[in-house]
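Chains as they are written, first to last, in the numbering used here: chain A, 1 to 429; chain B, 430 to 693.
Where hints are given, some of them may not hold.
To give an idea of the chain A side of the interface with chain B (calculated C-beta under 7 Å), a few residues [stated by the list, open to error]:
#1 75
#2 95
#3 180
#4 181
#5 220
#6 224
#7 275
#8 310
#9 312
As a list, the in silico SDA-like pairs of lysine to any residue whose alpha-carbon atoms are at most 20 Å apart [to be verified]:
#10 A:350 - A:305
#11 A:402 - A:100
#12 A:276 - B:666
#13 A:276 - B:595
#14 B:580 - A:350
#15 B:683 - B:532
I should point out that these hints are in silico values taken from the structure, not numbers from a laboratory. Even for Gly, the Cβ is constructed at its ideal location relative to N, Cα and C.
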Amino acid sequence: MGGGIKVVGVNHRTAPLDVRERFAHGAHEVPGALARVMAAGAGGGVLLSTCNRTEFYLVSGDEPALDAVWTLLAERLPATGRTGDAGGEAREYGYIARDRDAVRHLYRVSAGLDSMIIGESQIQGQVREAWEASRAQAGPVLHRLFQTALHVGSRVRTETAIGRGTASAASAGVAVAGKIFGDLAGKSALILGAGDMAELAATCLSDEGVQITLVANRTHERARAIAERLGGTAVTLEEAWPYFATTDIALCSTSAPHAVVTWERVGAVIGARHGKPLCILDLAVPRDVDPAIAQLENVFLYDVDDLQTVAAQATVRRRDEIPAAERIVEEETDLFWAWYGGLGVVPLIKELRQRMDDVRALELERALRQLGHLSAEDRARVEQFSQALLNKFLHQPTIALKAAAEEGRGYGLLDALRRLFGMEPGGKE
Amino acid sequence: MILTLHLVALALYGLATALALAPFMGFRSVPRALTIALPCAGAAVHVVAISQLTPIGLGPALSMLALCLVLLQLASERLLRGSAVSFFAAPLATALVGLAILSGLAPGAEAAVARNVWFVLHVALSALGLALMALAFIAAALYLLQFRELKARRFGQVFQLFPPLEKLDQLNRFALVAGFPALTLGVVLALGYGAQFAGDLHAAKAQIVWGIFTWVVLGWAVWVRVVRHWAGRRAALASIAGFSAVLLVYVALKLTQPGAERFL
């Protein structure tokens, strides 16, 4: 229980997109990253990495574990030649929340209250995926925390109207394209990538009458499945570049770790459009499109941050639901904290009683040795007295501990008790 | 009566201008019905005023130009399903009506010619042609503002309230293509009328110079759009340059001509 629960990381409020995309971890990178942090002292960990945040949820993580997180993130930043504080550069972009604040933070994240688009539902799936990807390293406390976080997310969306209306990066992409082309019916779109986000955004465009002409992906089978559903043709990424000369909209959402739509690949092709506008929606993190392409006069390039800004404006009405959602988060934080506080109470009370009983038995034995003239009956009475005295002494602390645990204040008392009676882990046992 | 009607129209246009500019000054947008009703009411009063007006001289010409502009604003806003055109058109129309009142609405010494149907047609078509040119300018200005916001990835009031780029480009093209024949006919009627009834109306050299200059500029703007297939930002810049040139030449000629009440 030492060290409590912590969240350490960066999000869309604290770090710009170019930093967030460097900190983003693919699913295959999660176990390795958590292993490093746990080797530095964390007792359990979950890594939540989305386009808006990279957060490590840790249990029992003391300062070395937190330093390990910052170091791990800082390694992903371009070298600046600075020495000394290994994680300092990453720390500038991040935050740490501890204990109850950490619990509340995850609940707010899961409820969509910490999202760029208030109430967006995609985050709940991402919380679930993060939990599942970190299952082996999470430990019982984080299992419970993430399980309840998903419950909080569902509760907030069911009991409030925070998730009502369409407000996603994909629908914002449609709105932005609409501001360029007006009526989208009959416009053509090229889709790069075949993941869930690409499919969702392509469906949004298709619903507006946009003709999905091509779906390009590294894996041809996946591209073909989406292309068949939306009426386009599946091609490889290399085959897609010439189509930048004719398409009206290019929707990019690959999982490539670097920009795939580069000036070298499409600069000349776009130049041949003779001023015809091209709307590029880059939904990928890390970004798929080289920002230099936006310098072409007829190119309108929007990344995830831009689209989320547009979507956020469309969700102003959702803000009215924030107080109700926050109340649910607070309520659930209390429940979790009560559970967490109570976790250590029973074993600690048991341990405390055992210690006190050992002291009592030792002192009783010593006293009885000096009172050898006592009859067996009297010796039994003295022993009974010592037992009753111990029970009287421990009664009030036991009641107070249990009550504090039920009220969610157990953690602090347990910590104090461990220190007072030398029961710290690794201390005198 | 004419002056009173113009003052009422001015008040209604002024109110419409305030409502059109309100969202850009941080105030809440008013219901769309109101943003249409006010210029509609103003235009209705204005039509009554113009029907009693002798269409000769600066004041009546500016008044007719303002009415054409308001009618085109209403038509284009219906087409665009938005009120962005009024952002420019409403203050421009208000200013034109104000200038018309200040210039004087009474006919001058040449009032007799105003009864000639060819002359009335010349004034009406010229005013329509100029109003369409102004509309092309407004569409181009809106286009450039929206273009700048979209390129800069700013999603504020301009992004939300201005129409899509393609719609503005279409409006600019329509205004130029429709404005050119209207103005051509207006110029031809003026030349024909001048040749036939030269004795009744004194056609100043400045009027002919400005009329032909305007026709050439509008012709160039139409030519680059239709023949050279200019579109988007380049076409918008051409429209703005053309309209600005016409306006500047008019002001320059006006300042050098005697008689404040004459159109030129």
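Structure-based check of all given hints:
1. Checking residue 75 of chain A against chain B: minimum C-beta separation of about 30 Å lies over 7 Å; hint violated.
2. With a cut of 7 Å, the hint placing residue 95 of chain A at the interface with chain B is violated, because the nearest CB-to-CB distance is about 26 Å.
3. The beta carbon of residue 180 of chain A comes within 5 Å of a beta carbon in chain B, closer than 7 Å, and the hint placing it at the interface holds.
4. Taking 7 Å as the C-beta contact cut-off toward chain B, the hint placing residue 181 of chain A at the interface holds, the least distance being around 5 Å.
5. The beta carbon of residue 220 of chain A comes no nearer than 33 Å to any beta carbon in chain B, farther than 7 Å, and the hint placing it at the interface is violated.
6. With a least beta-carbon distance of about 32 Å to chain B, the hint placing residue 224 of chain A at the interface is violated under the 7 Å criterion.
7. For residue 275 of chain A, the interface hint holds, the least distance from its beta-carbon to any beta-carbon of chain B being 6 Å, beneath 7 Å.
8. Interface restraint check: residue 310 of chain A against chain B, minimum CB-CB distance 5 Å, threshold 7 Å, status holds.
9. Given the 7 Å rule on beta carbons, the hint for residue 312 of chain A is violated: about 9 Å separates it from the nearest Cβ of chain B.
10. Taking the CA atoms of residue 350 of chain A and residue 305 of chain A, the gap is near 53 Å; set against the 20 Å cutoff, the hint is violated.
11. For the given pair, residue 402 of chain A sits about 19 Å from residue 100 of chain A by alpha-carbon distance, which is consistent with the 20 Å threshold.
12. Simply put, residue 276 of chain A and residue 666 of chain B have alpha-carbon atoms about 16 Å apart, close enough for the 20 Å limit, and the pair holds.
13. Straight-line distance between C-alpha atoms of residue 276 of chain A and residue 595 of chain B comes to about 11 Å, which keeps the hinted pair within the 20 Å bound.
14. With a C-alpha separation of about 68 Å, the suggested pair residue 580 of chain B and residue 350 of chain A falls outside the 20 Å cut-off, and the hint is violated.
15. Only pairs whose Cα atoms come within 20 Å are accepted, and residue 683 of chain B paired with residue 532 of chain B is accepted, the gap being roughly 13 Å.
Hint check: violations occur at hints 1, 2, 5, 6, 9, 10 and 14; the rest are consistent with the structure.
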